[in-house]
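S.K.: Below, each chain spelled out in residue letters.
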Amino acid sequence: MRAKYVLAEMLVGLWRNVTMTIAMIITMIVSLSMLGASLLMYMQVDEMKGHYYEQVEVSIYLEKSIQDAERSDIKSKLDSDPLVKNVLWETKEMAYENFKAQFRDAPDLVNAIGADELPESFRVALHDPKKFDQINATYAGLPGVDTVVDQQKLLQKIFDILGSIQNLSLVVAGFMGLAALLLVANTIQVAAYSKRREVAVMKLVGASNWFIQAPFVLEAVFAALLGSILAWVMLVVGKVVLIDGKLAALTDLLLPVSWGNVNLMLPILAGIGSVVSAVTAWVTLRFYIRV
Amino acid sequence: MTKTYPKASRPSLDDVSVSIEKGDFVFFIGPSGSGKSSIVKLMLHEIKPNKGKVIVNGKEISSMRSWKIPSFRRSIGCVFQDFRLLPNKTAYENVAFALEVIGKSKAVARRVVPEVLELVGLGGKEHRYPHELSGGEQQRVAVARAFVNRPLILLADEPTGNLDPDTSIEIMRLLDRINRTGTTVVMVTHDSNIVNQMRRRVIEIEGGRIVRDQARGVYG
Ligand SMILES: Nc1ncnc2c1ncn2[C@@H]1O[C@H](COP(=O)(O)OP(=O)(O)O)[C@@H](O)[C@H]1O
Ligand SMILES: [Mg+2]
Chain A
114 MRAKYVLAEM LVGLWRNVTM TIAMIITMIV SLSMLGASLL MYMQVDEMKG HYYEQVEVSI
174 YLEKSIQDAE RSDIKSKLDS DPLVKNVLWE TKEMAYENFK AQFRDAPDLV NAIGADELPE
234 SFRVALHDPK KFDQINATYA GLPGVDTVVD QQKLLQKIFD ILGSIQNLSL VVAGFMGLAA
294 LLLVANTIQV AAYSKRREVA VMKLVGASNW FIQAPFVLEA VFAALLGSIL AWVMLVVGKV
354 VLIDGKLAAL TDLLLPVSWG NVNLMLPILA GIGSVVSAVT AWVTLRFYIR V
Chain B
711 MTKTYPKASR PSLDDVSVSI EKGDFVFFIG PSGSGKSSIV KLMLHEIKPN KGKVIVNGKE
771 ISSMRSWKIP SFRRSIGCVF QDFRLLPNKT AYENVAFALE VIGKSKAVAR RVVPEVLELV
831 GLGGKEHRYP HELSGGEQQR VAVARAFVNR PLILLADEPT GNLDPDTSIE IMRLLDRINR
891 TGTTVVMVTH DSNIVNQMRR RVIEIEGGRI VRDQARGVYG
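Respectively, the protein sequence lines represent chains A and B. Start counting the first sequence at 114; every next residue gets the next number (this note's numbering). Start counting the second sequence at 711; every next residue gets the next number (this note's numbering).
Just chain A, same shape as in the assembly (with noise of 0.2 Å):
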């Protein structure tokens, strides 16, 4: 009985001023989203980090005059290096097979490139990525060697370039979200001034303090849940439409995003939006609402 007047209460609560509520509930939608596609975002990068170290490589490219020697002499050096995991001869025909493969959307790009002119290279995993100057030191200055490349630093472009969106996309979502938190407090403060009255009666026959204030913190709790159910959902549609769709080519390269982290977002966006949601509504009342 009790929880059923409580509920009934916010119903009423929330309908009396819609507009307000519509407007609660949007402004939750974007801060949610945004904060899910940061979020989102970050586990991604987190993955891609794992996924490229794994494999980053350094490519020693060796020049076309090369003799078999150098090539032999180079490689057994490659072999007892103690820095070196594991050691891929690509061949020119190999180099051509990998470019053809990773820009098969591109037959132009493809058929601009003749079958020998990529050069063949050494691919070199390292026990430890970031010891790639020694590495340079001691191989660049061979006879043969044309260049060695640290793919680390390449990727390290994309990972920063990653990092400031999603360090922006937090922002925007933290301004977002005080915007949400600020229309809550309004939102509370306008229910509970309208309810004056019933709240000034049961203060004084000795209602609860709770009883007096859940159902202004039920209404913040709701929209809140609603909101973060929409977030939710404009994530889904997100990957479906954009990473999935527009940008599957790009997924090939970022990895695409699974849906056990997109589904993951309900439960977090739901808990983030409505604790925060209900402590707003809650301080609201202390204010609002003297004993």
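Incorrect hints may appear among the rest.
Some residues of chain B that are not near chain A, with every Cβ distance over 12 Å (derived) [as the list claims (entries may be wrong)]:
1) L829
2) G846
3) N872
4) T877
5) E880
6) N903
7) N906
8) R909
9) R910
10) V921
11) A925
Derived CB-CB ranges, DEER-like [to be verified]:
12) B:E828 <-> A:V392: 44 to 52 Å
13) B:E828 <-> A:N299: 44 to 52 Å
14) A:N299 <-> B:D792: 25 to 33 Å
Don't read these hints as lab results, they were simulated from the structure. Beta carbons are placed, not taken as given, at the ideal position from N, Cα and C, and that holds for glycine.
Once you've looked at the hints, dock chain B with the ligands against the given chain A.
M.R.: Chain B with the ligands only, in chain A's frame:
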């Protein structure tokens, strides 16, 4: 005890000491602004004294923890000059609301509310809204709401302030009946007629000090 409101230059209640026995009927009288309503507010823990103690039903409420106040207030009924009824609820619903919000079931309300409305003389008008009732009838609803929990104390701050003399007398009879059930009644008024008729204990306040405390007193 002493009560000085924030920013006030002098105390509204200045070193006042009163003791009211269980079952008493007490009038607080005095000019406007003398501190009568402040006494009611202190007994409800709406305000706290700056010095001294307020003891109600054997409990020192001036130092009571705020979460205990609601259950304390359930032992007190209150009536005010402006009735404080909910305009969108009928007489029945107004009284039932007071039960509902302290966790009583609808079944209890169905049993108790008609009884108490009958007691205050509103039998047959349960389903009228406040605007369909006269001032006296509205105050009866308020009394019913204050009394429905069978409080130990009934506080009434100028309950007849908005009523004509005849209606006032009727409300007084009602409060007297309630007092006879064993409920302590503390009433603030400056209606000399009523005080003179009732011949109960009268405590007169002026400028925040008690100037008279007389059993079976009369007004001024
Ligand atoms: N909230 C308040 N803040 C400051 N002063 C107040 C407040 N309430 C009452 N007072 C002052 O306290 C004095 C007593 O007020 P009150 O108890 O309401 O008197 P009464 O009910 O006898 O008319 C008055 O001088 C009034 O101005
Ligand atoms: Mg007064």
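S.K.: Hey, does A925 of chain B actually stay past 12 Å from chain A on C-beta?
M.R.: Non-interface label on A925 of chain B holds, nearest chain A Cβ at 30 Å vs cutoff 12 Å.
S.K.: Run the C-beta distances from N903 of chain B to all of chain A and say if the shortest one exceeds 12 Å.
M.R.: At about 28 Å from chain A, N903 of chain B clears the 12 Å cut-off, so the statement holds.
S.K.: Non-interface claim for V921 of chain B: all C-beta distances to chain A beyond 12 Å?
M.R.: Check passes; 30 Å lies beyond 12 Å.
S.K.: Is the Cβ of R910 of chain B farther than 12 Å from every Cβ of chain A?
M.R.: The assertion about R910 of chain B holds, with a minimum of 25 Å to chain A.
S.K.: Is the nearest CB of chain A more than 12 Å from the CB of N906 of chain B?
M.R.: Correct as stated: the minimum Cβ-Cβ distance to chain A is 30 Å, above 12 Å.
S.K.: Please confirm whether G846 of chain B is truly not at the interface, meaning its C-beta sits more than 12 Å away from all C-beta atoms of chain A.
M.R.: 20 Å, holds
S.K.: For the hint 25 to 33 Å, verify it against the beta carbon of N299 of chain A and that of D792 of chain B.
M.R.: Taking Cβ atoms as reference, N299 of chain A and D792 of chain B lie about 29 Å apart, which means the hint holds.
S.K.: Just checking, E880 of chain B versus chain A, shortest CB gap more than 12 Å?
M.R.: 23 Å, holds
S.K.: At 12 Å, judged by beta carbons, does L829 of chain B keep clear of chain A as stated?
M.R.: Given a closest Cβ separation of 18 Å, the condition holds.
S.K.: Per the hint of 44 to 52 Å, is the separation of the Cβ atoms of E828 of chain B and N299 of chain A within bounds?
M.R.: Given about 45 Å between the Cβ atoms, the range holds.
S.K.: Taking the shortest Cβ-to-Cβ distance between R909 of chain B and chain A, state whether it exceeds 12 Å.
M.R.: 30 Å, holds
S.K.: Grab the minimum beta-carbon distance between T877 of chain B and chain A and tell me whether it stays above 12 Å.
M.R.: 23 Å, holds
Comparing the model with each earlier hint shows no violations; every hint is respected.
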